[in-house]
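Residue numbers (the numbering used here), protein chains in the order written: chain Z, 1 to 229; chain V, 230 to 796.
Accuracy of the hints is not assured; some may be wrong.
In silico DSS-like pairs for lysine-lysine, Cα to Cα no more than 30 angstroms straight-line [said to hold, decoys possible]:
(1) Z:LYS21 <-> V:LYS342
(2) Z:LYS21 <-> V:LYS331
(3) V:LYS493 <-> V:LYS425
(4) Z:LYS35 <-> V:LYS342
(5) Z:LYS32 <-> V:LYS331
(6) Z:LYS35 <-> V:LYS551
Listed next, with one range per pair, are the computed distances between beta-carbon atoms [unchecked claim]:
(7) Z:ASP39 <-> V:ASN730: 36 to 46 angstroms
(8) Z:GLU205 <-> V:PRO619: 46 to 56 angstroms
(9) Z:ALA202 <-> V:PHE579: 15 to 25 angstroms
(10) V:ASP269 <-> Z:ASP39: 13 to 23 angstroms
(11) Z:ARG222 <-> V:LYS342: 47 to 57 angstroms
(12) Z:ALA202 <-> V:LYS331: 30 to 40 angstroms
(13) Z:GLU205 <-> V:LYS493: 23 to 33 angstroms
(14) Z:ASP39 <-> V:ARG302: 52 to 62 angstroms
(15) Z:THR195 <-> V:GLN719: 34 to 44 angstroms
(16) V:ALA549 <-> Z:GLN199: 32 to 42 angstroms
To be clear, the hints were calculated from the coordinates, so they are not data collected in a lab. Backbone N, C-alpha and C fix where the C-beta goes; we use that ideal spot for every residue, glycine too.
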Amino acid sequence: MALNGDDEDFEWEPPTEAEMKVIQARRERQDKISKLMGDYLLKGYKMLGDCCDTCGTILLQDRQQKNYCVSCQELDSDVDKDNPALNAQAALSQVRERQLASQSPASSQSAELNGGPSSSHIGVSVPQPRPEHCEGAAAGGRAPLPPPAVPSTSAPPPPTVLAPTRPPVCPQTTVLQPVLQEAEDAVLTKLRWATNQLQSSASLEASIQLCSLISSCANSLRSLKELSQ
Amino acid sequence: MMRPVEHLHLEHVLQTVGALEAVVLRSFGPHGGQVLFTRDTGQAMLSRSGTRILTALRLEHPLARMVVECVWRHNAKTGDGSKTFILLLASLLRMIHTAASKDPHVSLTHNSKEAAKAATARLLADKLLAFALDELDDLISVGVVPYGCVLSWKDFTAKTQSPVQKLLSSFFYTRLGQSNCDFISNLLCEMLTHWKFQHDPPSGSLQFINDNFPALHTPVLGFPISCSRLIEGQVIHRDFATPLTEPDGGSVKVVVFTGHLQPKLLNAGEVLELGCEALGEQENRGNGTSILHYSTFAEISLEYVFSNLQSLGVSVLLSAVKQSAAVLSLATQAEICVVECVSEDELSLFTHVMVKPCSLVICGSGEGQTEQYAAAFQEAIRMVLTTWEPLNTRPTTASKMVIHSHKSTSLHTGDTKPTYGFPCQNSVLEPGCVVPAGGTFEFLLNHALLQHISVCDNHESFPAASQLLANALLSVPRQIYSHSPRYFLQAQAMVLGSVQNHVHPFVMLDSGLESVSCKYHLVLAVLQCVTRLFQIDTMLHTHTRLNTQSRRLANISWEDTEDEAEN
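If we strip away everything but chain Z, and leave its shape as in the complex, we get (with noise of 0.2 angstroms):
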């Protein structure tokens, strides 16, 4: 049992600092993952046995058996990272069109330790555009509106779509406006859905998300509105 000095089938040191500061950021967020998870737990989701296959987080199950991985659903979407109060609201809602699409979440784990997230994000291809993107247009259009599918120029639009020296009529306007019109039709298509759910639901909670599904996709609608002007 003691055989010290074997090296040769397994060569270990220890960890240095950069790797310190690594290992503390992984800390940080399996902290932050606990906590969302407790959150849900006391919402009534349940623990089931299995893990996520991206990140190899524990799953959860709500009401309505929809598998939930925590970190890849809420905590890598960084877009509403200062509206925490619409971020879980826009993964709930990412979830259901997730499963009613049948896609594969986007891979993730990269992104964990390199501290920045988001522009690694904007350069994976998404085929269809999702609600927060739609969000993030009406938080002020603060973030330039990736195009649904860029998967080989990786560079992020141009900035100078939203200059405000230029007049709405310009060059990146006919990129903008089918966007924008797709957009419109995703939350449109989006609020036809959650309205028949909201007729046909029986469950309390199920209502209350719903209602909140509805009022935002309202509000994103009236924002690409007022976009489109």
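Position chain V against the provided structure of chain Z, taking the given hints into account.
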């Protein structure tokens, strides 16, 4: 998505326990909040009890269920400390994880770093448990007990300033809030005084009350808690099945039946063989025996029984089973009251108790609330039982420890300075020892562990284990004073100051009391849980249920689980 075999990583364990900790943290401490439980039926209940909150969570993860099971068992034994359990567990796991990550033994050959970490963690956990089983009680006897005081059971009466009442009052304060804790603790003190058996050790009568508590209390809905009181006699929780006849006066004679007076004929699947040996052959051949003869015979013997009872002057019949209609009508004719379907506990209490009984009437506004009060009472009894349970310690190892000298205090209940209990000169874990609440135990034990490390020689790796435990213990008071870190430092300074000056912390801290014995059991239970957690290295997902559900899960409805954890 479900893999057939899953290897356990330390991170899974940490994450699971971290989630449970986040659930429990909000309700922890004297200023902790309550959790509102709602059902789809609209029923709502408020609770601060850690066990209740944890068992109400929907958990399918095997590790989480195992941890909650450990908490439940600890609560079933000591009645206290479920939230502290989770806090201490999480803190210990984090420290073991850090220690294992920093320095896994290079000498052990493993497939991966993860496996090496897991093995190191397991080793550390085993060492911790071994250390605790070996030396924790001595450390507590020397490092904690001298700064607490021993409450005497013999002098215990139901006076308002009695220290036992203070212990119960601080217990109820954390459970049920400030408004009623004094009243309730008073009530419980009265009950404990009544059932105090003069010649028995306190654990005898406490164990009796604990075992018979379901029969000794009656929940009543629709009244405020302040209407609760003690009543003389035992309440049988069933109504009369026959009209009540007032007794003539004097004593009432009661007969207890555990079976049916009139045996049931012809149950499904049974064969009734009729035969009468007394009759001659002729009669037998001629008429034969029939069911009518038998039932007539049964009725006549029943009437005979009741005439016997009447002549004996019996006026009440207690039955453990449901009697037939014939029995009831005969009893009504004979003016004997019948109570059916009495529970076994109540019957055994009724038949075996020698002294005049008294029972508790617990009032509450709703069903959930009354049930909570009753549960709080029972847990308080368990806590008191654990406090006064004699612990076996080995006197030889105690002599190795440095025994601090201290001033002796005397028992005066009327003094301005509340000094009570007699000094703890012995170095065994004295039953009835209490310390001030609010983290005093943790501060004292932390100090004792650190001193022990400096005193002990380092030939074993126990110093690492005791260092881990010492650091983990501080997480509890840190959480108690989480609203103000300054108070944490103040409290720590106060306790350590009293240690150095050999003064009782009582004179400085005016908080409630908590039982040293319960804390000792808590630390041991947490360490055992840690060891169990690290002994798991694989989770196998099965599609059939392997074990029957444990008792505590009987009132939680959930879907069939599909996984089990195996070693």
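Status of the hints after comparison with the structure:
For the proposed pair Z:LYS21 and V:LYS342, the alpha carbon gap of about 19 angstroms is at most 30 angstroms, so the pair holds. Straight-line distance between C-alpha atoms of Z:LYS21 and V:LYS331 comes to about 14 angstroms, which keeps the hinted pair within the 30 angstroms bound. Our distance criterion of 30 angstroms between C-alpha atoms is broken by V:LYS493 and V:LYS425, whose separation comes to about 44 angstroms. A C-alpha spacing of about 27 angstroms is found between Z:LYS35 and V:LYS342, which places the hinted pair at or below 30 angstroms, so the restraint holds.
In summary, the hint linking Z:LYS32 to V:LYS331 is supported, as the alpha carbons are separated by about 22 angstroms, within the 30 angstroms threshold. Straight-line distance between C-alpha atoms of Z:LYS35 and V:LYS551 comes to about 53 angstroms, which puts the hinted pair past the 30 angstroms bound. Checked against the hint of 36 to 46 angstroms, the pair Z:ASP39 and V:ASN730 passes, with Cβ atoms roughly 45 angstroms apart. The beta-carbon spacing between Z:GLU205 and V:PRO619, approximately 51 angstroms, falls within the hinted interval of 46 to 56 angstroms.
Z:ALA202 and V:PHE579 have their C-beta atoms about 48 angstroms apart, which leaves the hinted 15 to 25 angstroms range violated. Between V:ASP269 and Z:ASP39, the C-beta spacing of about 20 angstroms keeps the proposed range 13 to 23 angstroms intact. Separated by about 53 angstroms at the C-beta atoms, Z:ARG222 and V:LYS342 satisfy the suggested range of 47 to 57 angstroms. At about 52 angstroms, the beta-carbon gap between Z:ALA202 and V:LYS331 misses the expected band of 30 to 40 angstroms.
Checked against the hint of 23 to 33 angstroms, the C-beta distance between Z:GLU205 and V:LYS493 comes to roughly 51 angstroms, which is inconsistent with it. Checking the proposed 52 to 62 angstroms range against Z:ASP39 and V:ARG302 shows it is violated: the Cβ atoms sit about 27 angstroms from each other. Checked against the given bound of 34 to 44 angstroms, the beta carbons of Z:THR195 and V:GLN719, roughly 57 angstroms apart, lie outside it. A hinted range of 32 to 42 angstroms for the beta carbons of V:ALA549 and Z:GLN199 is inconsistent with their spacing of about 55 angstroms.
Consistency with the previously given hints fails for numbers 3, 6, 9, 12, 13, 14, 15 and 16, ordered from lowest to highest.
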